[in-house]
Structure formats: structure tokens, C-alpha cells
Amino acid sequence: MDGKKCSVWMFLPLVFTLFTSAGLWIVYFIAVEDDKIFPLNSEERKPGVKHAPYISIAGDEPPASCVFSQVMNMAAFLALVVAVLRFIQLKPKVLNPWLNISGLVALCLASFGMTLLGNFQLTNDEEIHNVGTSLTFGFGTFAVEFRHYRYEIVCSEYQENFLSFSESLSEASEYQTDQV
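Start counting at 1 in the sequence shown, then tack on 875, and there's your number in our numbering.
Errors might be hidden in some of the hints.
Restraint ranges, calculated between C-beta atoms of paired labels, are given here [claimed, not checked]:
1) SER882 x LEU974: 18 to 26 Å
2) GLN964 x ILE901: 26 to 34 Å
3) LEU970 x ASN999: 14 to 22 Å
4) THR892 x SER1009: 19 to 27 Å
5) ASP909 x ILE976: 17 to 25 Å
6) SER917 x THR892: 45 to 53 Å
Because the hints were derived from the structure by calculation, they are not lab data. Even for Gly, the Cβ is constructed at its ideal location relative to N, Cα and C.
Sequences and hints are given; from them, build the entire structure.
This is the structure:
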């Protein structure tokens, strides 16, 4: 990697993914420890444990709800920072800015959904919790699709076109006529 073309900001999506995944696993382990949900590997439910291991149920009561809220708020903030940085990165390179703006708006709405999802527990306000879930997964999926569509612009700027395996073999055979 060339130090002039890379920035430490390129690790932010990785940090976002690792932090959010680790946080959700911590919420799961807290809920299992408190017998709020049954473990993923159990064949039978424990007596007194009523729920399947859904993350919204795992993060429904304290202390897991406190951790769940904090994880979702931090994930929303990191997703928002990633959205803005990606928008700025693509802004001078795109021909149709509406795709870039659509991706930014979608990730902003997904981030807002994450805050709703984390701060309104399922049993306290199911309707707002489900709206947050829909925003997070709906607009998050939409944003990922648009970001993937525009990914080629940034990644192919400093790279050569790759040859397929058959093209590589045919190119090698041009220079070795005695082997053909």
C-alpha cells in the first residue's frame, strides 16, 4: 500500500463492523447469563426461560438493555461518519451525484433507525422499535447496494485491468510459440 493514497480512515468500516458485532455478542451473553433467553446451542429451553435468542429480546431488560442502547448509539454514530466520509470521497468522482446523495441519505436514515432500535426496547414501545428496525435494515440494505454500485470508481482508479485466467494463458502462449 502506498502511504500517500491510503488513510487511517479506511479502517473505520472495519472498526464499525467489529465493534458492533462484539457489542451485540456481549448483549447476547449478558441475556443468556441472566436467563432471559436460551443459548443458541441448547436443544431444549431452560425452565423459566421463555424466549428465543433474538437480539431485540436479549437487549430488552437491564443490564443488557443498557449495553444494547450504547452499542446501537455508537454504531449509528460510526455509520454516520462512514456515510459522510464515503460521500466526500466519491463527490469529485461521480458523474451522477444523485446516487451519491441517495446513499448518504439512506445511511443517515439507517443510522437514525439504529438509535430508535437501541433506545426504544421491544416491550416498552414495540411500534417505534419496529420502525427503527425497518429503517435500519431497509435503508441499510439500500445504502449498501448503492455503495457497492459506486465502489468500482474508487477501487479501479489506481489499478490495472485484470486479465482472466484464459487471457493470461493466451498471452503467455504468444511469447512461447515453440510450446504451442
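Are any of the numbered hints broken by this structure? If so, which, sorted upward? 3, 5 and 6
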